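2 protein chains.
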Amino acid sequence: MKKPTILVTNDDGITAPGIAHLIKLMKTIGEVIVVAPDSPQSGMGHAITLEDPLRIHRVSIFDGVESWECSGTPVDCVKLARNVIFKDRKIDLCVSGINHGSNAGINIIYSGTMSAAMEASLEDIESIGFSLLDFSHEAIFDHADSFILKIVKTTLEKGLGGGRLLNVNIPKCSEQPIKGIKVCRQGKGNWEEKFIEGKDPRGNKYYWMSGNFINKEHAEGSDLLALSQNYISVVPSTSDLTDYAQIEDINQKINEA
Amino acid sequence: MKKPTILVTNDDGITAPGIAHLIKLMKTIGEVIVVAPDSPQSGMGHAITLEDPLRIHRVSIFDGVESWECSGTPVDCVKLARNVIFKDRKIDLCVSGINHGSNAGINIIYSGTMSAAMEASLEDIESIGFSLLDFSHEAIFDHADSFILKIVKTTLEKGLGGGRLLNVNIPKCSEQPIKGIKVCRQGKGNWEEKFIEGKDPRGNKYYWMSGNFINKEHAEGSDLLALSQNYISVVPSTSDLTDYAQIEDINQKINEA
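Top to bottom, those sequences are chains A and B.
Residues 1 to 257 (the numbering used here) make up the first sequence, in order.
Residues 1 to 257 (the numbering used here) make up the second sequence, in order.
Calculated from the structure, these hints are not laboratory results.
A portion of the hints provided could be inaccurate.
Below, in silico cross-link-like pairs of lysine to aspartate or glutamate (EDC-like), each with a Cα-Cα straight-line distance of 16 Å or less [stated by the list, open to error]:
(1) Lys172/A to Asp145/A
(2) Lys194/B to Glu69/A
(3) Lys205/B to Asp88/A
(4) Lys158/A to Asp249/B
(5) Lys194/B to Glu248/A
(6) Lys158/B to Asp249/A
(7) Lys158/A to Glu248/B
(8) Lys158/A to Glu256/B
(9) Lys87/A to Glu192/B
Note that the structure is a prediction, hence the values are computed from the model and not measured.
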């Protein structure tokens, strides 16, 4: 049987440990191809580069894997992979990550990792974003290997349907083994920003974004809860942002006043 | 009665004609405050600036309106408005736009205009993004004035509920008057990219994103159809990207194999 072709990308940049780990795992399953940003692109959301030209360069940092770095955003990488670099190749799956840091809850909308995965899903490629709840460069990924492989193999064998997109988050490595996989909804919560005020070398004021994530719920079924209980969370996700439950109500308010 | 405080932002930048038009309209309803990008930020999606400091400057281009320009993305602007510039002020509504160009269908996920509005909704501020199906700097906005005012006044009087967010798109001005307002779901379609290949002055290859939007449906109820029939489309939108219909199916595939 022909091995599936798996496109790997991320938002931490092509030299991040997380993507190297994901490539290593994917090589046990399929033919791996890589297009990833040449610099860190955390928090880029679904940004695309319209005002500037993009550059791509072949790199040789992963043994036996055709790999390209790109000057743009994670979404640019997927568009270039699909339309330029591998335009004549069938891509069976896209995996993005492993992100250094959580993309659970509302983090999905800020996440370059998940936006790259969503872009692939829009190109009709089933797609999975993986994120680890550990920002550190030295983060340990091994404890999730068997679960990542299970999720990827299941996707390749059975397909995803729906929005063709999974948001997978992995608890930080600890002395407790991961309990299993919970399929969840996106938990409620948001970032409470604190802007650090400072002065640059010329004495001009600046503001630098910082903040803490506020978990606004602990109800059953959310990814945030599953992760806090040491489960891997899997949220089937979609690019359809319609709030269907509100359509009739808003129509009445606007049109039947 | 105290006038409502309305925060105006956009993604085309603080000098774009669309935001000037929206400010003019909002001044007839409320106390207007403005925080908008100091340069065009189209296609920035929900990007935030993590790696660099942000700058803000007071500007005096709108009569009697406290206005600030910001060096960051549209989402940065809303975060700075809420947490720094107007942190002690109650904001009753956020309006974003009027965008020069459509944010109907899948465009919502790439749109800085809609991401700014969504960010406000996450801060518990009801929020509306307005976009005109005309990219031109000379675009005419007047034909939609009465509809924009109706949508904003209805929101202020009755509230939005749900995701607290509306995506409003307006047909390009033509000889046909706008027929009315349709409350819709996000239509299906995507961008078919074409990357223009070229060489820079030093002879190095670049790729520049271009493309056409492909409308993949004409079914009743979508914003794309309503706009093609010369209606204003209003899509109640949400930052919850969960594909609820898939949760049980994915759970069976992964956990009950």
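These are the hints, each one checked on the structure:
no.: 1; hint: Lys172/A to Asp145/A; result: holds (13 Å)
no.: 2; hint: Lys194/B to Glu69/A; result: violated (19 Å)
no.: 3; hint: Lys205/B to Asp88/A; result: violated (20 Å)
no.: 4; hint: Lys158/A to Asp249/B; result: holds (11 Å)
no.: 5; hint: Lys194/B to Glu248/A; result: violated (38 Å)
no.: 6; hint: Lys158/B to Asp249/A; result: holds (11 Å)
no.: 7; hint: Lys158/A to Glu248/B; result: holds (14 Å)
no.: 8; hint: Lys158/A to Glu256/B; result: holds (12 Å)
no.: 9; hint: Lys87/A to Glu192/B; result: holds (12 Å)
Going through the hint list in order, the structure does not satisfy hints 2, 3 and 5.
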